[in-house]
Every structure is written in C-alpha cells, then in structure tokens.
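Chains as they are written, first to last, in the UniProt record's numbering: chain A, 1 to 313; chain B, 1 to 313; chain C, 1 to 313; chain D, 1 to 313.
It is possible that part of the hints are untrue.
You can't tell identical chains apart in this list, so a pair holds if it fits in one copy or across any two.
[Said to hold, decoys possible] Calculated cross-link-like contacts (lysine to any residue; reagent style SDA-like; alpha-carbon spacing at most 20 Å):
# : residue 1 : residue 2
1 : Lys-104   : Arg-178
2 : Lys-106   : Leu-221
3 : Lys-104   : Ala-284
4 : Lys-106   : Thr-162
5 : Lys-37    : Gly-285
6 : Lys-106   : Glu-247
To be clear, the hints were calculated from the coordinates, so they are not data collected in a lab.
Protein chains: 4
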Amino acid sequence: MDLQQIVDDTWNALADERGSGTPAGYIPALAQVDPTKFGIAIATRDGSVFCAGDADEQFSIQSVSKVFALAMALDREGAALWEAVGREPSGNPFNSIVQLEREKGKPRNPFINSGAIVTTDRFIGDRGPDEAVADLLSRLHNMARDTRITIDEDVARSESETGARNRSLAYFMADFGRLLNPVEDVLSVYFRQCGIAMSCRQLAEASLFLAFDGTDPVTGLTMCSTERARRINALMLLCGHYDNSGEFAFDVGFPGKSGVGGGILASVPGRATLAVWSPGLNRAGTSLLGARALAQIADRTGWSVFSGTFEKS
Amino acid sequence: MDLQQIVDDTWNALADERGSGTPAGYIPALAQVDPTKFGIAIATRDGSVFCAGDADEQFSIQSVSKVFALAMALDREGAALWEAVGREPSGNPFNSIVQLEREKGKPRNPFINSGAIVTTDRFIGDRGPDEAVADLLSRLHNMARDTRITIDEDVARSESETGARNRSLAYFMADFGRLLNPVEDVLSVYFRQCGIAMSCRQLAEASLFLAFDGTDPVTGLTMCSTERARRINALMLLCGHYDNSGEFAFDVGFPGKSGVGGGILASVPGRATLAVWSPGLNRAGTSLLGARALAQIADRTGWSVFSGTFEKS
Amino acid sequence: MDLQQIVDDTWNALADERGSGTPAGYIPALAQVDPTKFGIAIATRDGSVFCAGDADEQFSIQSVSKVFALAMALDREGAALWEAVGREPSGNPFNSIVQLEREKGKPRNPFINSGAIVTTDRFIGDRGPDEAVADLLSRLHNMARDTRITIDEDVARSESETGARNRSLAYFMADFGRLLNPVEDVLSVYFRQCGIAMSCRQLAEASLFLAFDGTDPVTGLTMCSTERARRINALMLLCGHYDNSGEFAFDVGFPGKSGVGGGILASVPGRATLAVWSPGLNRAGTSLLGARALAQIADRTGWSVFSGTFEKS
Amino acid sequence: MDLQQIVDDTWNALADERGSGTPAGYIPALAQVDPTKFGIAIATRDGSVFCAGDADEQFSIQSVSKVFALAMALDREGAALWEAVGREPSGNPFNSIVQLEREKGKPRNPFINSGAIVTTDRFIGDRGPDEAVADLLSRLHNMARDTRITIDEDVARSESETGARNRSLAYFMADFGRLLNPVEDVLSVYFRQCGIAMSCRQLAEASLFLAFDGTDPVTGLTMCSTERARRINALMLLCGHYDNSGEFAFDVGFPGKSGVGGGILASVPGRATLAVWSPGLNRAGTSLLGARALAQIADRTGWSVFSGTFEKS
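Construct the entire structure; sequences and hints are all you get.
Pasting the structure below:
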C-alpha cells in the first residue's frame, strides 16, 4: 500500500474545497488563521510519516489535547478516574450542562468539556498548575521527539478571557464537590492545554501509542497500559466528536478526536495514526475537510475497525 | 486458538454465578424462564460453532432482533432510512421519550425502541404486516440454515398487551408524521419481531454476515453490502446497549446488541460472531452474566477492534 | 360601573383587528370557523349578562372544558385527586411529555393535556364513558340554565382521528399505571369534552361558581366547596395558559383558562365571570384578541386580584 | 377583626412544633441560628404592626431580598427589564440551569437564582457595586423607617465562598452575553443582598408598598407604580416558591416570597403585609412552620385573592 500516494491523492481530491466550513471565531487567535490551510499526516509503526499540504505548520490543537490529558490522568489516577468521570456518550453538544445537572455534576465522558475539566483536575493532582503543564509538554516532546511543541500563550489567554461557559461548567461541578483543585487553577491548566500548538506531523507522531497498545513503536516509550490504550480508542470512537460521533464512526470507521482549531487526530489500531488540519468546521464543530479527508483515506486504504477483511500490517 | 476450550473455560468460570442479575418480569413469558439458564456459542468463518451450556435452547431474543430489522430495512430503503432515524448515541435509556420531543419525533438511532419502531415501519414498507413478518422469519431460516426459528406468539401477545410505553412512543412519532404505516400495524410487527425465539447457536449462525462484510461465509448469502455491514457494526458498538454502550465497548471491545430476554449478540469483524444467554439483567437491561462472559472471551482471545496486535484469522 | 358600556367599548376598540392571530387548523371543524368572529360576555352575581359581538354563537370550548372537568373530578374524588395530578406550573408547552418522563408519569397540573386526561379518568371513575359525558353535559345545562349546550360530534371525531399526541401522552401515563380506565375509554370522554360547543354567554353563566366560592349565586347550585373553588382559581391563575400563564397574570391580573378554539374563560372572585371568543391564536395557543380584550376590561374596571384598592361588589 | 388575637393564636397553635424542618446548613452563619426561633408580624395600612414570638429579631432574609431587588430594578430599567428576564414559572428548582441552556441564557423569572442575578445586574446598572448596595439599604431604611437594617457581612462572605452554583449560573448567562457588568461585580452585590438582616417587623413594614399599589400608606413613599406593584404580586404568586409555588398559592391564597433563612414575606393586596420566620425548611426550601403559619392566618382572616366574599379594608 503506497501511503504517500494515498495521502497525496486525498489532498489533491479536496484541495479545491479548501476554505469550506466555518472557522471558529470566538477568539482572535483562531479567527485569524488562514482558512485555506490543509494538512495531512500519517505515521506508521516503523517511524515513517507520510505528509501532504500544510502538515508541518503548527495549529491550535484545542480539544485534541483531551486525548493526551486523559492518557496522562489515567496514568496518574488509574481506574479511580472513572469515579470522577463517566464513559458513556452524552448525546449532547460538547458544552452542554443539562446532563451535568441530571447526574449530580459527574460528566458523561472525558471528551466533553466538563469531563475534560475533571480529567485535567485529576491530571494536576497534588501538583501546582504550572508543574502539570510542564509535565504535559515534556511528554509530548518525548513522544513526538520534537521540542518545538509549545503553548500559544495568546490563545491560552484568549481562551481564559472568553471562557465563561467553561467557567460555568467548572463552578457547576465544584458545587457538587467534583473538583480537587481550586476552579481557577484547574481552568488555568485547561486553557493552556487547549492552546497547545502542534503540526499534523507532530500530532501523528506523538500519538502512535494509541494505535499500538500504549507503547510508541518508534521510541519504545510507554504512555499507558495495553488495556488503557484500547479503552482510550473506544472512548474516542464513541465520544470523540460529541453528538456527531455516530456519523464519524459511520463514515470513517476508526477512532478520532476533533478540535475546534480544525485538527482531527485518528487512530487505526495496529496500523497507523493520522492527523488532519483544515480550519473550516461543520455544524458539529469538527473540521469539514478534515473529516472528509479521513473518510477518503479510510476508503482508499480499506482501514476500518469494523471490516471483516482488513488485515493489520 | 482453541475456541472450544475458551468457551468451556468461560462457562465454567461463571457457572457458579448463574442466577445473578434480575430477569425481566414485565411479561409472564419472560418471568417464567429459568433464571439459571446460561448458554454460549461462537460461530466462525468455516461454519464451525463452539458451544457451552444451554446454547441450543431457544429464548426470546427481544431487542437483538433490532439488528436484523435494521439490516433488512437498509436493504429495502437504502440510505433513505437515515432520513427517518439518526445514527447517534442517545445518552438516554432505551425507552426515553425526552429526546424525541426535542428532536421533533426523529429517533436518535435504530437501537432505541423508538428508532426500532421506525425501522420496522420502513422494513414493512408497502407490504402488509404479516408479509413483513414472514419475510423476516424466512431470512433468519436461510441465514441460520434452521427452520425451527419461530415467533413465540405468547410473548408477542403479552408484549402487545403490556406495550403502553412503546405505543406511546409510536403515537408520539406518528404525531410528527414519522410513520408510513398505521401505528397498530407497525406495532404488530414490532411486537412479533421482539418475540422471535432463537438459541445461541442459531443467533451466532444467523449473524455471521455482520463479521464478514455483509455476506455469510458459510452459505454465501448476502444480507447487505460491505459498507452497510460495517456501519451496522459501528452502530452496535456506539448504541447497542443504550446508555451502557460505553461501558460495554470499554470492557468487551467489539460490537454487541443486547435484549431484555438475556441474550447478547456480538460481532468480531473478520473473526467470529458470538451469542450468549443468561436471563438475569444488570441495571441497564443487559444480561449480567452474558456481558461478563463476553468480557472474559475478549480477554482470552485477545479479540478487540481497538487492539494494536490482534490479527484477523 | 356601567359594564355594558365597558363591554361595548372593548369590543369596538378591537373590532378592526378581528382576524388577527392564527386559528387552530389541525382539524377541519376548527379551521373552517370564520376567523373574524369576536364575542364578549360578562356575567355577574345578580344574573345579569353583558354581551357584545358574537356572544351568542357557540364555538368549540376545547381546553376551557378542563376547568369543568376539574371541578367535577374534585367533587367525585376529593383531595385524592392530587395523588394523581400535581398542582404546579409546568414551565412547558401544553402537550410536552418531557416532564412526564422525569416525574414518573404524574402530570404537573390538571390544565396541561396529560393532567386533563388523568382528571377525566378520575371524573369517569367506575362509570362507563357515556354516562360520564352525560353527567358533564347535564351539569353544564343546569349551571347555565340552557339545554342547548351540546357536543359537536364532528369535532370530537376529528380530535380522536388526529389525536396521536394525546394518545401518546395517555399511553405514557398508562405505562406508569396512572390511569384507572382503559386508555381508549378515557380518550373517548376527553375528546368529546374538548368538543363541547358553548357561547360566551353560556360559558360565563355556567362558571359563576368560580367567582362566588363554589356556589352559583343565580341558581343557588353548588358545584364545589368554597375551598375548592378558590383552589381552582389559583390553578387557573398559575397554569391556565401553559407557558404563557405568567404573561397573562401579569397583563390581566385575574384567573383564566384558554382553549385553542379561541375561547377564554376568566373569573374575578367576588365580582364576575368573563368569556371571550376570537379564533386567532397567539404563539402560545391563547386567543390573541381574547387576551387583549380581557386586559382592556381589566384596565377599564380596575379588576385585579393584585390590586390594593379594588373593592368587591 | 382582631389581628393581634389571630397572630397570637397562630403562634400558640404552632409553638410546640418549633424546630421542625431542616435549617439551611450550607454556610455556618445560617447553620448556627437557633432552629426554634419563630416570629410573626402583620403590618396594615394605618401603620399598626401585630407581632408574636421572635418578630423583632433580625435574620438573614436571603431570597426574600429578590422582591426588593426586582422593585428597584424595575424602577431603574422599566419594562426593558423584561428583555433580560422572563415572567413565567420555571417548573424547576431554584438553582436549575437546564432551563437556561434551553432558552439561551435568559432566566424564566426574577425569583429563581439566575433571574435574580440578572435583576441585580440591571439594578446595579452603570453604578459601582458598592453604590448599588448603599442605594438598596437606604431604600429599606426609608420604607421600614428603621436604620438598623444592615448587611451581615459574615453571611455575605460565606455566600460568596460557597457560591459555586450561583457563580456557575452567572458565568453561564455571561456566556450568552446576558450580563452588563462583570460577573464578580454582580455576584458581590447579589451575595450582599442575600445577606441583608431584617426582623419580621422590619420586613412587613418595608414591604407595605406591595399591598397598596406601589406606595407605602404609612410613609407615603412610592416604591414603584401601581401597575408594577400588581405585577410584582403576580410574579410572587406564580414564582415565589420555585417549584412549590402552586402548593403555596393553593394553601395560602396570596402572594409570597420565601428565603432559605426561613423567612417568608407575603402580601394581601388592599389589606396587609405579613412576615414570618422559622429556620426549618420543607423539601422545597420554604420555611415549614412559616408556610403553615401563613395558611392558618389565611384561614382565620379569610384573606385570599381567590375568595368571592373577602372584602378589602
């Protein structure tokens, strides 16, 4: 299978539609990104990365960071994390508070905002916020073998300034005693984590552990246990795109996690990780071109966790 | 891999816990079933079936029938079915009406009751109810190569007599113009389909198409296209256990669909189909022992769609 | 106070706007009513009735009938009725099912559809449906001293044929064991009661008991106890216009109950009852001109239960 | 009518049950109040005040303050206030956020917490928070002719420290652009207003404007227009006790507003204002003994806005 050819064909097939969808505009740093950007990267077991377009330009990964925060919180907390956050699809938009009220402040899963805030709280643990952020960055540097991964402080500051809804969610959970750390401490980490800047290449490389049972096959670094890696994939498939997750599982057929910066990270267990980036979003907040690129790659490669014939490499 | 050994080990490991959970008691025909029944069957590509316990005793498949109804409705309607029913997890119990009110009578997915009623309506199409039921039975006979599969008319009648909630859901959707056939015609098929009686062996054999891209590898019969088979698996993984689907995906790692009769059907794409039966249910209405048996089989076989190492046969 | 002058002034002030609002169109019998009809009647303690416009033409009273059904159910059941139906505003539209799901099938109050269906069920009691309907009509004849009050069977039949939502509500409650009689029996009375045809004059006369502590000051007939009459007024004020009740209490200042036929019944305790009719409805399903007429009458008379100066007659 | 006798009889009839109900315990200042406190005061047109029990001891008026905040916000903003907050019962508990999400951050009415926060925001207007608080206190001093009314700073501080839910509501609304002032400024006034300490006597005297069309008959001071006073009464009747308002209107029959400090303020238009205080609350957060005292006073006086015979003084 010629993955470089597949990546190129996919990019070319969609290139004319760059700029479709609606970029997130709630903070200046996102609104100012060139909407025609479009990058694709596929990383495989042997360390190869197949790229097209703007795959080496960093963008704000936003909610894609929830995958890393979850892996690291699980690493710190173990199964106790699941007392703080559920593992079920929410059936609601990413920032809904309705479910929280009905279920006494316990978020449905780690990929909706409320669940990610709790996950971040547990990832911080008994450290200070800055130490937690440093730990997160350092892990990403190691996994991606690239120390240029950084936090866009402008984005983080803007997130905080416009973060009334997330603040509301956090205080709501605090009211139910769901947070261990002070609300503003948790949010300070949460907003910085949303502001992490990575390229498609860095994203695909940093997340190989997802496709290979918890251990990066290139560096040999273990991010989490086999069982936990599989479970993170399960959660991504079920909840990675909020109330658009079914559509994504349906069209693409493998786990993914989207961010409003236009990035999507996907995992094909046993084969590869994929990262795509195009700022224009669909109605559900997922990159429009990105989701279509992944569907085309799924078609061209035959990769699908639901396939009866697809062979692992 | 010695599947007979795995099936036997699993059965033996759980045999002492037969009778745990709470059998469905809303109709006499279900309440009278011996709660200690426990059967397991695994069917594979070459026609082998590995069984343990009460795998040859028929039980009421209840909501497991939604998988067959969906496959057959898709076969009749094609993608137009998705205008009548969604493809997203509902985040609610199986018989919730809240989501229906918010979304103008369009059910979230084909595996909650409202969605299954719409699916049945489309499967009936412009035929009479009896013709639709005959068609469904005949397909099951062919797929399972077993004409003993039948409808338990006692169960169907009891379902109808106690079916106030399902009647409410159906009239609610009718109020939004969502049904093509008269409510009572649709329900007459729906209740009979819930009353289908099959054994674990029959269930595993009849559903091999799910694990092998739409075509039964033993009979060569095609139930649906490759793409549709994959998508039914996706829906089973995301929505097959109502608001317990995340937990199941998490613990078991492959698609499944449960019924309140205590049966669970599961599919391991490329490998096998599995059927388990034990009447006692957990809080979410899934067979307690059945779910544990599947989790043990997943552990013993390494089967998981999220695994980075699992090789297809 | 010259009530005839006030009634005439109000009618004249609004006459040019006859035809505004949107008449209910869900059944032919309502859609065919002349939308420019406009009638007003005020009945007082001494048997006088002050009328303007089409006050002597009968129309379909629809949900206004819920007031009579409630008074008569209370008469049969006493306070036990409140175990079957609540006494709180619902904060939702008249036919919402969301609240029913959350509160186990117990309706919030007797004036939303679900609550009226339960009330009708209790009013039927252990009699047959036809006997209950005959009892209701006979009481209206006596209270209004007018045997021309009748049931429009065309309307009742249409209501039943298009009544999928009400059927859904009824089956939903039946599923929770909330109904004593078979669903179709209850609905047969409910739909006929909605189809009662009365004129403004008849409506105002039949409901004097509301304004005078349960006993009609003209006929001397007692409909219910003093305490119950006051409580029906309280419920009308709090819940008489679904999720528009606050607006009505705010603008008009005394208890009322609207119907989608365009009628509104109102009660000024100690003074009078009022009935207005104009088929065009506002967004919340209350007669547009009717509500404005009542607000003008409130202004012109100074009648308000919240007034610090208003003196009873 | 001997009001002193009625007040004494009511106090004596309930004295043995002092201490029933559950005092609010979420802040120390409330938890430490002697639970057996029980005071009653009735103020009438001519300046008389009829008291029993602990009617001269100050307590934390909590949500009763929402009545004063509403009157003063209406005075500043006029009808424009109703673009910021609705006038309908919410059908939900006082601190529910569900309705806010469904209705884009606009609270249902000024007496649920979210609505009171918006009302406070408008009452502040373009002044600083401290100036607004000073204005509120000064008005209370004038209306009650008593400068001992003050803010319990301990209570206000505790409210703020434990106010995660209210903070969540405020940020939620801020996210929808519903607040003119910074969240923390609004809350600083809101928490201080909840911490106002008044006695039953002061409360009854300060609120006579409610029963007398906006103007205090003793001091001659006008708090708001006739129309607005009536409307505040309407809102109190419909929404003054959250999802227990129907019950209260039913049992008591005139407008009231409760606070979790155990106080209830009530208004009998044309007759009197009443204030009761007993710290133990019922399930809905209203003073248990207080509500019963008001019901007894209603019985003994015959006061009810729904009565057909009750004559104004």
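Here is what the structure says about each hint:
1. Taking the shortest alpha-carbon separations for Lys-104 and Arg-178, only the intra-copy value of 9 Å comes in at or below 20 Å, while the best inter-copy value is 25 Å.
2. For a Cα distance limit of 20 Å, the shortest separation of Lys-106 from Leu-221 qualifies neither inside one copy, at 32 Å, nor across copies, at 47 Å.
3. For a Cα distance limit of 20 Å, the shortest separation of Lys-104 from Ala-284 across copies, 18 Å, qualifies, whereas the shortest one inside one copy, 26 Å, does not.
4. Within a single copy, Lys-106 and Thr-162 get their C-alpha atoms only as close as 24 Å, which misses the 20 Å cut-off; across copies the closest is 19 Å, which meets it.
5. When the C-alpha separation of Lys-37 and Gly-285 is checked against a cutoff of 20 Å, the pair qualifies only within one copy, where the shortest distance is 17 Å, while the shortest distance between copies is 47 Å.
6. Taking the shortest alpha-carbon separations for Lys-106 and Glu-247, only the inter-copy value of 16 Å comes in at or below 20 Å, while the best intra-copy value is 25 Å.
In summary, the one numbered hint that this structure violates is 2.
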